[in-house]
Structures are given as C-alpha cells and as structure tokens.
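Residue numbers (our numbering), protein chains in the order written: chain A, 60 to 388; chain B, 60 to 313.
In case anyone wonders, no lab produced these hints; they're calculated from the structure. Since we're looking at a predicted model, the values are computed, not measured. It is possible that part of the hints are untrue.
To be verified - Straight-line distance between alpha carbons at most 25 Å, and here's what the computed BS3-like set of lysine-lysine pairs gives:
#1 K217/B <-> K207/B
#2 K207/B <-> K196/B
#3 K168/A <-> K181/A
#4 K368/A <-> K207/B
#5 K96/A <-> K109/A
#6 K193/A <-> K183/A
#7 K96/A <-> K292/A
#8 K368/A <-> K217/B
#9 K217/B <-> K364/A
Claimed, not checked - Derived coverage of chain B by chain A (criterion: at least 3 residues anywhere in the stretch with Cβ under 8 Å from a Cβ of chain A; other residues may be distant):
#10 86-98
#11 127-138
Glycine included, every Cβ here is placed at the ideal spot set by N, Cα and C.
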Amino acid sequence: MYGNAYVENPAATNSLTANEDPIKLAEFEARIAAGEKIEPNDWMPEQYKKQLIRMIEQHAHSEIIGALPEGTWITRAPGFRRKLALMAKVQDEIGHGQLLYSAAETLGKSREDMTNDLISGKSKYSNVFNYPAKTWADSAVIAWLIDAGAIVNQLANSKGSYGPYCRALERICAEESFHLKYGHDNVVFLATGTPKQREMVQDALSRWWEPIMHFFGPPDKMSVHTEVLMRWKVKMGTNDDMRQTFLDMYVPKIWDLGLTLPDPNLKKNEETGKWEYTEPNWEVFKQVINGNGPCNKERLAVRRKAEEKGRWVRNAILRKDAKYVTPLA
Amino acid sequence: MEFTEKHVEGLKDLLYRMADDLLILGHRNSEWTGLGPILEEDIAFSSMAQDKVGQSLALYEILHELGESDPDTVAFTRNDFQFHNCQMVEFPIGEYDFSLVRHFFYDHADALRFEALTETVFEPLQMVAKKFKGEIKYHTMHANSWLKQLANGSEESKIRMQQSINELFPHALGMFEPSNFEQELMESGLFIGEAALQQRWLDTVVPLLESYGYTVPTDAAPLFGGRKGVHTEYLQPLLDEMTEVFRIDPSAEW
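Work out the full structure, taking the sequences as your base and the hints as a guide.
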C-alpha cells in the first residue's frame with residue numbers, strides 16, 4: 060500500500076538533466092514518449108535512476124511498515140474466516156515489499172542498504188502508517204480505504220516508464236483488489252452489525268479520515284514542480300487528481316453504509332464534477348513526515364528490533380560475494 | 060466392526076489434539092508476520108501458519124459433524140484447560156532458532172500422523188489426511204533446509220540450533236502423550252496409536268539431525284500434560300488475545 064505522498068529531494072529536482080549527454084537524453088526521452096519501458100541495463104539519466112530508487116524504496120518500506128498496524132490484529136481477528144483472510148492479506152503486503160526491493164535493487168541499491176536507511180530514519184515511508192490501529196474496526200477501515208487509495212495511486216504508476224517497477228505494480232494491484240474486497244466486506248459487517256460494531260467502525264473511520272486525505276500528498280498548488288519527473292513518467296498524475304478519483308469512487312460507498320465523514324464541507328460539485336472538501340491540516344502532515352506522528356518511533360523501533368534479532372540468521376546464510384539483482388517481476 | 064461410544068470418544072479426542080495443535084502453532088507462527096529475519100522467511104512462516112489454521116478449521120468441521128459446537132465457538136470460547144494441544148506448540152515464538160526447531164519437530168510428527176491417517180477407517184479424516192499430506196510436504200522441506208543450513212552457517216547459528224534442539228526435545232516427545240483411548244483407536248483401525256507414531260518420528264528426525272551434524276539428546280524424558288488439559292502459563296494469555304475481539308459480542312457476526 061502506498062500513497063502519492065512521495066517525498067522528493069528538492070535539491071536534486073532543480074537540475075535533473077545537468078551533465079547528461081544531450082543526444083542520449085533525447086533518445087531516452089523519445090523512447091518514453093513512445094510508451095517504451097526502460098529496462099535495468101538501458102542507458103538512463105543519473106537523476107532518473109536516483110529518483111526511481113528513492114520512490115521504489117519508499118514504496119517498499121511502506122509495505123513492510125504497513126504490515127505492522129494490521130499485523131497486530133492477526134492474533135486477535137474474530138473467527139476463522141477473518142483470521143485466515145487477514146493472515147493472507149498481511150503476507151501479501153510483505154510479498155509486495157519483497158517484489159519492490161528487488162525492483163529497486165536492479166537500479167543498484169542493495170536491500171540491506173535500503174533496510175539500513177529505513178531503520179536509521181534516512182528513508183521515508185507512507186505517512187499513514189504512523190497512526191495507530193486502535194481497534195479491530197481500524198484494521199477493517201485500513202484494509203478497505205487505505206488499500207483503495209493505494210490502488211488508485213499504483214494503477215497510475217503501473218503506466219510509468221521503468222519496466223521492473225511497472226510489472227511489480229501490476230502484480231501488486233491484482234492482489235490489492237482482493238484486499239479491498241476483504242476490507243469492504245469487513246466494514247459492511249461492522250456497519251450493519253450490532254450497535255457496538257457500528258460504533259467501532261464509525262469511530263475508526265472518523266479518526267482515519269484525515270490520514271486518508273493526507274495519503275495522496277499535499278495539494279498541487281503546494282507541491283514542488285516536477286515537470287521533468289512527469290515527462291520521464293516517474294511520477295504519474297497529480298496528488299489532487301488521485302484524491303479526486305478516490306473521493307469519487309469511495310465517498311458514495313461510505314455514505315451508502317450510513318456512515319458519516321468528519322467534514323461538513325465534503326460534497327460533489329455537480330457543475331464542475333469535482334469534490335469539494337476542507338483541506339486537511341497540512342502542518343500535521345509535515346510534522347508526521349518529520350518523525351513526530353503518534354507511532355513513528357514505535358514503528359521504527361519494532362523494525363529495528365526485528366533486524367537486530369534476525370542478524371545472526373542473515374549472517375549465517377548470506378554470501379557476501381553474491382549479487383541479487385534479478386527483478387522478481 | 061461396530062463403533063462403541065468409547066471409539067467415538069477416542070476419535071473426538073484425537074481430532075481435538077490435532078486441531079488444537081494446528082490452531083495454536085498456526086497462531087504462534089503468524090506472530091512472525093512482519094518480524095522475520097528476512098522477508099522470505101516472513102512470507103514462509105505466514106504461509107505455513109495459514110495452512111495450519113486452515114487445517115485446524117477442517118478438523119473442527121469434522122468434529123462439528125460429530126456433534127461438537129461449530130468451529131468458531133470451539134476455537135474462540137474455550138479456556139486453556141479445555142484445549143488438548145501439546146505444550147510445545149503454546150510456547151512464545153522466542154528467537155528464530157526456537158521457532159525453527161519447533162517447526163522441524165512438529166511438522167515431521169504432523170506429516171507422519173497424517174500419513175498414518177490416510178489409512179484410517181474413518182473416511183472424513185482419511186480424506187483430509189490425504190489432502191494435508193501434500194501441504195505438509197513443503198513444511199518439512201522448509202524445516203529440513205533451514206536446519207541443515209544453520210548447522211553449517213556460522214558458529215553462532217550451530218550453537219543456537221543445538222541449544223534449541225536440546226531444550227525442545229523433551230517437549231517434542233510430549234507430542235506423543237498417550238490418550239485414554241489408545242486401545243480403542245488401535246483395535247478399530249482408527250489410528251496406529253501414539254507409541255507407534257513416536258517410533259516413526261524418532262526413525263525420521265534422529266538420522267536427519269545427525270546427518271546435519273547435530274547431536275540428539277539421549278536421556279530426555281517426555282514432558283506430558285497438554286493432551287489432558289494441563290498447560291503452561293503461556294496458553295491462557297494467547298487465548299485471551301485470540302478471543303479479544305470475538306468476546307466483545309459473541310452473538311455478533313464478524
């Protein structure tokens with residue numbers, strides 16, 4: 060699961076094409092314009108490679124960290140049906156991490172380096188996973204709406220230019236569509252269940268609404284111009300476009316269940332066809348990205364502990380001279 | 060031959076032992092999700108956990124057909140003394156060496172148990188045994204390859220694995236705690252009995268461990284209790300956690 064709130068490096072985006080061979084660059088851009096995919100051994104601008112590594116890496120970390128809030132509910136899932144489904148879902152997310160790390164490795168950064176950058180706090184992951192999953196209903200809302208948001212974003216990115224990433228995303232989207240069905244079914248049972256169940260799901264939805272709105276990234280008027288990244292098909296679609304697509308697909312479904320959303324201004328403008336809403340607090344978003352969210356420290360601490368506990372296993376089996384750069388998709 | 064009430068009781072007891080083992084170990088193995096030493100192992104443990112919980116469900120369904128409550132009620136409303144699992148499966152996951160050795164000991168026993176049950180006279184169990192045999196083959200392959208790799212990986216890995224083997228061996232023997240119905244199960248052709256199963260298990264795991272370079276404890280006394288509802292302090296907290304949401308409203312549909 061991954062939103063569109065890709066954290067760019069503004070210093071690097073200013074001079075993306077500096078020092079590149081103009082003839083090779085023109086050929087590269089022509090291939091992308093013609094809809095060709097770029098493969099690991101093809102020529103590519105340094106900044107294309109750097110931005111892709113950063114982006115795929117953030118996506119991979121999001122899958123791994125994203126497994127934590129939901130994973131805590133595997134051992135508490137009520138009944139066999141939910142227990143088996145949630146185990147399979149979280150396993151899928153870890154599998155997505157594996158696919159994505161292997162896609163990023165084709166660009167020259169090892170999984171080990173990426174993991175080290177994650178636990179040292181140097182690399183980012185999707186902000187949404189820095190919020191707690193307080194009740195079972197939170198896990199249902201995450202599986203439905205966060206996965207839905209991720210599909211909107213990942214479907215767009217699967218039309219991007221880097222072959223291994225696009226193919227990984229196609230596989231991921233196919234699996235996420237099952238997650239979404241699971242999450243929706245789960246929310247339906249809660250929303251149409253006992254008063255207690257209904258209260259749980261409404262409470263979870265109200266708490267998750269702002270993180271969901273944040274999930275797609277700051278409004279276009281606030282985000283750094285990334286014209287070159289769009290031309291290179293590294294970034295596909297704007298944050299606002301993704302958010303609109305999501306609202307259009309899911310707000311009516313939420314309202315259909317008799318659930319409410321904590322934004323009195325949320326409505327579709329029938330003339331423009333666009334959704335209007337109260338801007339979520341972007342200062343909070345920045346704070347959370349910079350490490351001050353409710354769970355940032357806990358998430359990294361858990362990940363760090365897992366890495367430390369597993370070190371002896373890796374040391375015993377990894378061969379230092381071996382290279383693992385074959386894309387899995 | 061005609062089944063008496065005691066035969067049915069023995070069959071139910073056997074099914075409960077197997078189902079409870081699978082549920083509790085599946086639950087424990089799922090605790091590695093997101094926390095494994097490498098992603099591939101995370102995925103492997105989760106996959107095996109799903110097989111185990113799925114297998115336990117199939118066995119609880121057979122019990123339901125024999126007149127017991129439905130699987131969710133049976134799994135999510137009993138207390139520890141009502142569980143028939145062996146104690147080995149209820150221990151916390153510990154370090155990876157502990158989980159791997161438990162996985163090795165348990166899955167070889169499970170594979171042999173289902174192998175034997177492909178010849179049980181009770182047809183519903185015979186059918187699931189044939190199906191599960193295929194799934195468990197991959198679990199034992201996974202366990203074997205890891206026990207072998209870590210015996211030859213590093214000094215630390217070999218020491219850790221050997222320690223876990225020593226620690227777990229008496230608990231592993233506890234898997235074969237005799238039931239009160241051994242005679243009935245054997246005479247009716249329902250099951251070969253725990254003693255015969257233990258012998259097959261020893262004949263399998265001891266040569267494997269020795270071939271990897273481990274030593275096998277020779278003086279281990281089996282730790283019994285679990286099959287009769289006597290458990291360690293770890294089972295009830297596991298059940299409290301597992302049933303936390305279910306208990307919010309047991310009449311609700313989740």
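Checklist entry - Can you give the numbers of the hints that this structure goes against, from lowest to highest? => result none
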